[in-house]
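Following the numbering used here, the numbering of the sequence shown begins with 1 at its first residue and continues without gaps.
Don't read these hints as lab results, they were simulated from the structure. The C-beta atom is built at its ideal place from N, Cα and C for all residues, glycine as well. Do not rely on the hints blindly, as some may be mistaken.
[Claimed, not checked] Here are the simulated distance ranges between beta carbons: (1) Q151 with D199: 18 to 26 Å; (2) T97 with R202: 19 to 27 Å; (3) R15 with P216: 57 to 65 Å; (4) S58 with E215: 29 to 37 Å; (5) R48 with D18: 17 to 25 Å; (6) T162 with R190: 16 to 24 Å.
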Amino acid sequence: MAPDKASTGRAVNIRDLDGPSAQWIRELQTSGEGREEALTRLHQLLLRIARTEVGRRSSHLRLVGPELDDISHQAAADALMGIVSKLGQFRGDSRFTTWAYKFVILEVSNKIGRHIWRNPSVPLEPEDWNRLPDRFGLDPANESQWRELVQALREAVHQALTVRQREVFIAITVDGVPLDALAAQLGTNRNAIYKVMFDARRKLRASLVAGGHLEPIQQADAGQS
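Model the full assembly from the supplied sequences, consistent with the hints where possible.
Structural data, given as structure tokens:
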């Protein structure tokens with residue numbers, strides 16, 4: 001279960017951390033049995049968080065029992081790998097467990113997002129759709145239009161976006177992952193995420209317009225001030 005020992009970059013100054021965080025870093029940066037025990041405890045913590053979050057979001061997934069638990073285990077395992085690989089990026093701005101929490105919440109969002117978009121039998125509920133930005137101009141009047149737009153958007157997400165654009169779009173607009181949490185997990189910054197989202201929205205709108213699902217944006221007359 002244990003990942004390879006992390007490449008931690010510059011060493012964390014443990015003296016600057018709160019007691020519990022310092023203990024986590026110290027144990028995860030050591031070797032041998034102590035590190036294995038710390039990894040096991042951390043995995044158990046991440047799994048508890050993942051199960052709680054998956055349970056909270058499960059109402060519209062059309063999944064129960066083993067499949068939900070499988071998502072939780074995958075999210076916890078991937079979060080553990082991410083935390084260990086980025087251990088050197090922890091600066092003590094929050095408690096270590098708070099920092100680790102962001103990783104597993106993002107992984108849960110990623111797993112659920114992939115399930116939603118890969119399985120047409122799992123439609124987005126209206127409350128999920130309402131998370132999408134107003135700038136899309138999507139205001140369907142009845143259920144049949146909802147379904148048509150959802151299907152068109154799902155296809156556009158897969159066909160028009162790059163892997164990174166798809167990952168960021170689903171995490172933020174569908175699953176509501178906080179921007180800072182997503183930036184931390186992807187090892188980037190808010191501005192870079194904004195740029196990815198801008199390009200993704202532009203591509204998706206163009207695809208929906210081309211398919212007749214949205215009206216094109218009317219450009220101002222060239223001579224208008």
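Quick rundown of the hints versus the structure:
1. Between Q151 and D199 the Cβ separation comes to about 23 Å, which falls inside the hinted range of 18 to 26 Å.
2. Here the CB-CB span from T97 to R202 is close to 38 Å, at odds with the stated 19 to 27 Å.
3. Checked against the given bound of 57 to 65 Å, the beta carbons of R15 and P216, roughly 59 Å apart, stay inside it.
4. Under the hint 29 to 37 Å, the C-beta atoms of S58 and E215, about 36 Å apart, fit the expected range.
5. Here the CB-CB span from R48 to D18 is close to 21 Å, well matched to the stated 17 to 25 Å.
6. The given range of 16 to 24 Å is respected by T162 and R190, whose C-beta atoms sit roughly 19 Å from each other.
Violated hints amount to a single one, hint 2; each of the other numbered hints is respected by the structure.
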